[in-house]
Every structure is written in C-alpha cells, then in structure tokens.
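Assemble the whole structure, with the sequences as input and the hints as a guide.
Letter by letter, the chains look like this.
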Amino acid sequence: MSKRSVSALALSALLTASSVVAGCSSDSPASGNPGNPSAEAGTGSSTGTSSTDKPLTVNGWADFIPAAGSSGVTSYNDQIVWKEIAKRTNVTVKWETTAAPGSEDYKAQLGLIMASGKLPDLIGHIDPVLADQYGRQGALQPLEDLIKSNAPNLQKLLDSNPAVKGQITAPDGHIYFFPRLLLDPRTQTFAGFMLRGDWLEKVGMKAPDTTDELYQVLKAFKEKDPNGNGKADEIPFTDNPNPIIWAFGVGSRGPNSTDDFFIEDGKIKYGPTDPRYKDALQYLNKLYSEGLLDPEYEGMKADVRDSRVMQEVSGFMYGSYAGYLTKYNKMLKGANKNPGFVAMVPPKGPTGERNIIGKHNEIDPGRGTAITSTTKNAAQITKLMDYFYSKEGALLLYFGIEGDTYTMKDGVPTYTDKVANDPKLDVLSYLNTYVGYVSGWPSSMMPEHYLATLSDEGRQGNALSVPNAGKKKVPALHFTPEELGEVQSLQRDINTYVDENMNAFIRGKKPFSDYDAFQQGLKKIGSDRLTQLYSQAYERYSNVLKAK
Amino acid sequence: MNRLSRQMNGTDYAIYALLVLTAIVFVYPFYYVLSASLSDPASVLSHPLLLYPVQLSLGAYRLLLSTDTIWLGYGNSILYTVCGTALNVTVTLLAAYALSRSELAGRRIVLFFIVITLFFNGGMIPTYLIVKSLGLLDTRWALIVMGAVTTWNLLITKTYLEMNIPQELRDAAEVDGASELNFFAKVALPLSKPIIAVIALFYGSGHWNAYFNALIYIRQRDLYPLQVFLREMLILDQNTEMMGDVSDSRALVSLTLKFAIMVAAIAPLLIVFPFIQRFFVKGVLIGALKE
Amino acid sequence: MELEQSMSRAQPRVNLWMRNRLKRNIVLYLFLAPGALYYILFHYAPMYGTLIAFQDYNPFQGMMNSPWVGFKHFQAFYDSIYFGRLIRNTFLIGAYSIVFGFTIPIIFALLLHEVKHTRFRTVIQSISYLPHFISTVVVAGLIVTFTSPSTGFINGLLSMFGAGKIDFLREPGWFRTVYISSGVWQTLGWSSIIYFAALTGISPSLYEAADMDGASRWQKIWHISLPGIKPTIITILLLDLGRVMDVGFEKVFLLYNSSTYETADVLSTYVYRSGLVQQQYSFASAVGLFNSVLTFLMIIIFNKLARRLSGYSLW
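Chains as they are written, first to last, in the working numbering: chain A, 111 to 658; chain B, 59 to 349; chain C, 19 to 333.
Calculated directly from the structure, the hints in this document are not laboratory data.
Misleading hints may appear alongside valid ones.
Said to hold, decoys possible - Heads up, simulated DSS-like pairs for lysine-lysine below, C-alpha to C-alpha not over 30 Å straight-line:
(1) 134(C) to 329(A)
(2) 190(B) to 204(A)
(3) 183(C) to 396(A)
(4) 248(C) to 251(B)
(5) 183(C) to 619(A)
(6) 248(C) to 134(C)
(7) 90(C) to 217(A)
What the hints assert, rightly or not - From the structure, some residues in chain B lie toward chain A, with a derived Cβ separation under 7 Å:
(8) 100
(9) 123
(10) 126
(11) 130
(12) 183
(13) 186
(14) 277
(15) 290
(16) 291
What the hints assert, rightly or not - To list a few chain C residues with every Cβ distance to chain A over 12 Å, as calculated:
(17) 45
(18) 77
(19) 120
(20) 128
(21) 134
(22) 138
(23) 152
(24) 203
(25) 221
(26) 234
(27) 241
(28) 246
(29) 309
(30) 310
No experiment lies behind these values; they were computed from the predicted model shown.
Cβ coordinates follow ideal geometry from the N, Cα and C atoms, glycine included.
Below, the structure written as structure tokens:
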C-alpha cells in the first residue's frame, strides 16, 4: 500500500466518522408549544392553596450555593420552604441545582439546557432579559393568561401596580417570568451616601446638604486630620464617584445604575449629552485635582476599598446599607476602631434637586422564575408560584416556620436566635441556605425582612433614602430582538467612549476645552440613535401603563 | 562521572545566587497568601507586606474546613486527578509514540489535522451535545475522559520521543527480532521517564484545577471536584459582602477567607511536586546506545 | 544469469521488508487509535459549531432552526470604531508575551541544568512552579496592592530614590509592562519544565567530549545544550505563536480600567463588555473565528519557515 493511499484512507475514515457522529448528535429543537397556554381554570381558590388538586411532582432547575460553614443542605430540596410548600400546595418540586457561581457560568448552563432540548418544568432563577429572549424563541410559557386564571394574588398586585405590569411585559405582549416584587419603598431604597459622623464632629461641621457644602466638608476632612494620627493621609471621597453625577440632575452609569439614561418630564433622556453632565464632571474634576477624590477610584477593587476603610483614611462614599454601611461599621468595631459611618441625605445639586439612584424598581432586576413551554402542568405550577405572592407564602419564604425560625413580637415577625445568632452564618446566609432563597425568589418582599438584615445606621439610612431616591430612575425596559441587537451594538462602543472620556476629564488628563469634541464624537457614534431606541421602549412601557 | 567532585567556580556561585534570588521572588506571593490566611483579618489590611503572620488566627481555616463540601471536593479531585492522569498519559504516550515514528504512513497529514484543532473548534454547545449523546453527562467519566489528550502535550511528547528514541535504536532491535510492542515496552518506555513525568505533571495539574468542565457536565453535587466548591465559596463571599448584615466576626473573616481557600487549593500539590522531580534524570541506556 | 539469480534472491527480502513495514504500521495505528478516536469525537464531530458565527444562533431552536445572517456579526465587529485598536492591543500583548515568555524559561532551564547539587535544584524547581498555581485573582490583587501609588511598596521605593510616583495601573503606557512581567513571573518555572526534561535527554558523552576539548561552560551551552533541544524549542515556539491572539480574558479584566483601555482593551474583554445580559453566542463566535483564521494562516507560514530554516516543524 502506498503512502498516499494510506493517507487517503485515513482522511476519508476521519471525515466519515466525523459526519456520522455529528449526525447522531445534532441538536434537534425541542418541540415546544408556545402558542397555546392551557386555559385550565383552576379551582379558583383565592389563597392559592389548591389542596383539591391532586399531588404533583415537577422538575425544577436553579443555582444554589450553600453558605460556607453550613452543613446538611445540598439543594433546594433540603430547604424548609420546599418541604413545607409540598404540604401546603400539593406540588412537590424536585430541584436540580447547579453550583454555577457567577452569572456568566449560569447563563452558559442555561444555554446548554436549552440546547439539549430536555427542559425542566420550572427554571428557578432567570434574568428577565434572558426570559424575554428564550420566551420569544418558544422555550418558555407565556404567563399572562395563566396568571389571570390561576394566580389571583399576583393578578391583584398587577392590577394595582401598573408599573409592575409595564416592566414585566415583553415587547411581544407576553409575560414570560414571575417577578420578585419590591413594592414597599423601604425595600427599594437599598443604598445611599455615607460618611464618618465622628469626623464631622471633629472638624466641627454639620452634615452637608448641598454639593458645595459637601466640597467644604471633604476639604476639611483632608486638611484637619480627623483620623487623628498626625499624618495628612486622608483620602476623603473613595470608590466610584458616579452617584454624585445624579445630584446634578442627569443620569450616569455606575453602582446600581446600568444605563446613562434618566427620566425627566415624562421623557427619557441621555445623560452624557446633557449640558448638566459637564457641570457634574467639572465638579468631580475639582474634587480630584484638590486631592479630595481618591486617585485610585477607577476600577477600585473590594479589598482596596476595605483597606481604605479599615485604615481609616476615607470618610465618604456611596454604597448599600447592608453591604457597606452595616458591614463597615461592624468591621471597624471588630478591629477596636470607632464604627463612625452614618447615612447622609443625598446632597442637593446646583439645580436644587436631590437624587440618588440607590433604588430598585418595583421589580428586582436580574431575578425571575419561568415556566418552560414543555411542561404539562402549567396551571398547577402557576398556582404554586402564586402562593408565594400571598401573605402566608411570603411569610413562609422570608421567615420560615413560626416557632422554629421566627416568632411574632407585637405583630411583627422577628427572627429567633437560631437564625439571628448562628455562630457561623449571618442572617441572610442562614435564610438563603436553610430556609429558602430569600434573596431572589419571586414574591413580594416583606419590609420586615429587609429591615431585620440592617443595623441601626442602616435602617436610618434607609429611612433617609425613601423620600429622595430614584425619582429619575429608568424603569426596567424591554427591547424587541432587532432593537436589542442594535442597542448592544451601539452601546459596546458608546459606553467605552463615554467611560474613557469621562474619566479623562475627571482626572484632568483631558482639558475641558476638549469637551465639545467629546460631544461631537458621541453624536458621531450614534448616541442619538441609541436615545431613540430607548424612547421607543419607554413609549411601549408607558402605553402598557395607560392601558390599565 | 561524579560531577559533585568538580570545584565550584565563580560562575557557579553567581548562578546559584541568581537562582536563590529568583526563588525568593517566586515564593514570596505564596508566602504572603499563607501568612495572610493565618493572620488576624484586621491586621492584614494594615500590613501590606506581611513578612510573617500577624496575630495568629485560625478563623478562616475553621470556617473553611467545617464546610462538608471541602472534604467531598478533595476526595473527588484526587480521584479525578489520579484516574484522569493515568488515562491521559497512556493515550498520549501511545499516540505520540506512533506519531514520532517517521515510518508512519500519512504522518504529516495526521499531524496537520491535529494542529488544526488548536485553532478551530465547534464551541461549548456542540461539544456538550456530543458528550450528552455518548451518555457521559452527569457521570464521573465525563471529567476523566474530557481532556484525555491535549494537542500541546501530545506534540511535546512526540518531539521528545523523536529526539530520544531514534530510528536506529528501533532498527537495531528489529534485527534482534523485537516486535513493535516489545520494543515499546522494553526500550521506549523506560527511556521516556522524563517526558512521562512532565506530561503527568501537566495533565495532573489540569485535572486538579479543573472547574469549568465540571460545571457544565455534572449536575450532582456529590461529583463536583474541589475547585468548584472553592470558587463557590469565593463568589458567595463576595456576594454576601454586598447583600446583608454580617456578624462582627464573620465580617472580618471574609478578608482572610479567600487566602485560606487559596492555600487549601495548592497545599496538596506541594506534597506531590518533590516526588515528580525524581524522574527528571537521564535515562540510563541513552549514553550507551546513542552515537 | 547471475543477475537473474541475485534478483530472484533479492525479491523475497524486499517483500519481507515491506511486510514488516506494513505490520509495524498497523501496530502503530493501533497505538494511535485511542487518541485519534478522541480527536474525532470531541474535536471534529462538534466542528460544525464554528458556523454559529454566521447565524443568529439561539440554543433553544438549535443550529437547524436559527436564522442565517452571513457576515453580519463580522461586519458589526469590523465597523466598531475600536476594531483597529483591539486587534493591535491583542497582538502586541500576545507578541511581547511570546518574546519574553518564550525565551526566559529556556534560560532558566539552562541555568538549572548547570546546577549539580540535586537537592538544591529540586527545591528551586519546586518553588518555581508555585506562581503558576496561584490563581489569577490573587495575582491581580497582589499587583494592585504593590503598584498602588498610596500604599504600594514599588512607589515607596521610587520616592525613596527621589523619583515621582507612578500610578501603574492607570497609565496606558505602563499596562503592557505590568501585564507581561507579571505573566513571565507566573509562568517562568512551569514553562521551563519541558526544556529541562529535554535537556536531560542529551547524551552526557557529548559534554564529556567537549570537556576533553577544553570547551568553556558557555560554549557547551551554545553548541551542545541548545542544539540538543532544538526540536522542542521549535515545537513550543510554533505552538506559542498559534496562541498569540489568545490573550486571556481574566487577567486583563482584573487589571484594566477605562483609563488604560487605550492599550489594555483586548478582543476578549471587549466582547465581554458587550454581553450585557443576553448571551452573545454568535458575536463571540464570529470574533473567535476571525481570530482563528488569522492565526492559522500565520502558523502555516511560520511552519514552512521553520522547516526551511531548521529542518524541523510541527507537521
């Protein structure tokens, strides 16, 4: 046999083998039936507990990570909520949970499930935008009719809160996921500005009310050595300064804000092309050049920020009441330092408004639960989900079992020692691990729960935020697939451009004489078109509101 | 020849000194991580250089080791590493040996097809579907078989075998009537010790650090390797920081927990390394048969 | 007559030789079989997935039902105002990484090979692997700490010598240096393993002969050690070149920020930022395919060059 014919043989064997194997395993689309949601009228029980339906077992898929230091819990199946709910609604969910830490991995896994064609009945944690995408492709059940017939609790909430309906409706008019609702304003305002109250006292000033006063306070922090160590090592304003831009009346991406858009006078507007944006950048540039803003603020990592706090060089920042304010005071106390952070009223900008963005919309972004189109039990699963929107359901989810994980004190549910004082886990971790996924399961969040996870200063901050938060915040918008493709394409470049320039201006790398060139550059790469697309989506949202 | 008897001259000392210096640079960050994991959290932040553990505290380790999943993860990872590496080395060595023989018909074409896979691949989803159709999903085999051969390791093994097991050796054995199998087992294998050690090291560390494949192909928590659990804890730790109230001690431990996690991941490897080094010695037969 | 006789005697010998070769080839292909099977199953069978780049792929409907869009994603990628910059950054980081990341481990392996005290060498070698196992997240964290203008010791040293402070991670001009030197540090020891193993394969008699000729240490290295591992060097060089555009996402992502986008933003980070929430399977695939084709063409050229210049090549 010649060398050549051997190679030829090898080659054809290779190709044949490849195509055979490929043929055997090509992904075939799942035969979903998105067009006909089953209109089984349920037994119409208004509390959602359908004990007259026969017992049912369905499959669910979600991500789950038990907290470090916990034991005995490997999936939702071991949690109090799921064991109890089987008794109360006759529906048992067999959960398959994945570890998938980090949302990228989770999305990848979801994609694989979709591709495999073997879908569970219930997808426990899905991002609303993904829900739109998969719903449109036929993988998920449209829910609006199911909700009307089987979910009285949720329907009531939708009827009385048109903003919710607007934010969960996809452009094709369907609803593809059950949202996690934050209806009480106290559950929405979760972040704000904070500063060292003890430093204020040391420098003899009162809490700043306007951005100009803030500047004075920061200056005093820098010059008067409030941490008392004799060194001028203070870096007054640390971490991301974007939230201050909102004080000037315009929107900006940053912590808790994914778009540079904002709502004003019933219209949606783009921050970076607004003239007030320049004022905001000039203010920040002033702070930066006088050493009042942390030179390493850009891309600051958590441990650098932690060390700024623990070394007591920083006096002012923006953050969540739970994760920053509460935590940092605890850390300072644990290190025998003064836990001096207090919440601050958002300062008034030159236009006289107060704005902070630390407010969730009525629906929690990034969280939802969907029913797949391949299920045969859509109606009963809808009833199951509806239970969580009822009072008893919410109580079960957020507090667990009376007597075991909570008790009623003066009519307010309060966590027992078992939960509140576990030696290894904090309250939230305990609940998420042993009770149920309180941080993300669809339900209407109970303010008592959120407030129980905060310290006193945290609660105080929460109270300060409620009247001032998020007036200009954009609601959750939905784009059609064509729009979404264009939006993403434009934003790729526009966001990069804005970030580079914004930080260059703040840090003084670019003089403000270049600002007009920046504005022209923005228009050239499509900021007008982007604004137009957002306006379209906002109009759709407004129409849904009006339709109710 | 006893090299040790030769005198060390000035250049020798210079080389040794340079190596010691680089060793310090290599070891320092790991030393930092180790010290940080054993230190009191609050002090870690105020001591950026950390030349020794500050205020010894085992809190991070206590938290880490009391999580059941850690031990499960260790067990699984050891299993995957040992079995996987054994499979890897076998398949790779056999294939590389074949490819190192210039008499193999169609050699260049086969090599070309192998190299192509370095650049073009179908992506995660098609591969997943293949694994699924083979029935490997959610089994330990998925993690042992995936990555059975990597092109990189295959090619460096082939190169080594080409250089060290020349055709003349084979021809000499042929004259003695040795079959291919005989030759491979009795001559090639012993001469391949260094490269076997190398690819065992590479494959082994690949298995030990494996994380993404486990996430994709496995559903049952019982089958997860160590890295998945460690990553989980890390991410959860970061998320908790953002979300809720934390107890005083817990808030601080999170600062050093990630270092303890790091140490937990590396520690077993440190035990293994010195054993592997032993194989980096010259094959006994080479001197006699070459040239 | 004599010729005929010798020819008829030669015939069977030739046949025997050919039969042996065939037998040996069959055995060799048997050796090759498991590996080949693996490649067919896990590399070639899924190969159709590269076509995702030409679709608007969605996993639920699969490749059969996802719409075909031709070069739309490639066009979108090409139309980006940052197209040139991304390619340039990715290529430069990759190229510099090869220049330093390829040559320095060889030098290190040669130095190690010069050490005669086995225990000392074993210790140094084991230590040199450590950085490879420290996760990127920790390395990035250390880099941030050490280069900090306020608390890092590098700037501390600089001010001791009277030089001004440098914010290494926010100056575009410094990014590559920081990225690559930390990369070299991290991979040096691990990469030198294969060279060291190859060096042990060189016959000691060659060195002994050189000693008798009075060769210096450096002459021995240049004329014996290096040529002795030439095939290994070429193989690895070609493999490295094949990955020049493969600048890893994680480390850049942890070290960059908008102030350094100018030099730090690479293909993988750009694609990541554009992901938002929706999975961008097709776009990422298109960028990847574009990348692959470029490097593949490059490797074909370099492989030919290697064969011509040194007689050794990948295939």
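Exercise for the section: Beyond 12 Å from every chain A Cβ: check whether that's true for residue 138(C). Expected result: 36 Å, holds
Exercise for the section: Starting from residue 183(C), check that the Cα of residue 619(A) is at most 30 Å away, please. Expected result: Holds, at roughly 16 Å.
Practice task
Compute the least Cβ-Cβ separation between residue 246(C) and chain A, then decide whether it is above 12 Å.
Solution key: With a cut-off of 12 Å, residue 246(C) remains clear of chain A, as the shortest Cβ separation is near 30 Å.
Practice task
Would you check whether residue 126(B) satisfies its interface hint, that is, whether its CB is within less than 7 Å of any CB in chain A?
Solution key: 5 Å, holds
Handout entry: Given as non-interface: residue 221(C), partner chain A, CB spacing beyond 12 Å
Key = For residue 221(C), whose nearest Cβ neighbour in chain A is about 32 Å away, the distance exceeds 12 Å, so it holds.
Practice task
Could you let me know if the closest chain A CB is still more than 12 Å away from the CB of residue 234(C)?
Solution key: 46 Å, holds
Practice task
Hey, is residue 310(C) genuinely clear of chain A, shortest beta carbon separation above 12 Å?
Solution key: Per Cβ check, residue 310(C) is outside 12 Å of chain A; nearest 18 Å; holds.
Problem - Agreement of residue 183(C) and residue 396(A) with the hint, judged by alpha carbon distance not exceeding 30 Å - result: 21 Å, holds
Practice task
Decide if the proposed pair is consistent with the structure: residue 134(C) and residue 329(A), CA atoms, cutoff 30 Å inclusive.
Solution key: Answer violated: residue 134(C) to residue 329(A) is near 63 Å, above 30 Å.
Handout entry: Restraint satisfaction for residue 183(B) [CB to CB of chain A, less than 7 Å]
Key = 5 Å, holds
Problem - Non-interface claim for residue 128(C), where every Cβ of chain A lies beyond 12 Å - result: Since the minimum Cβ distance to chain A is about 38 Å, residue 128(C) lies beyond 12 Å and the statement holds.
Handout entry: Minimum Cβ distance from residue 134(C) to chain A greater than 12 Å, as the annotation requires
Key = 44 Å, holds
Hints 1, 9, 11, 18 from the list above are not met by this structure, while the remaining hints are.
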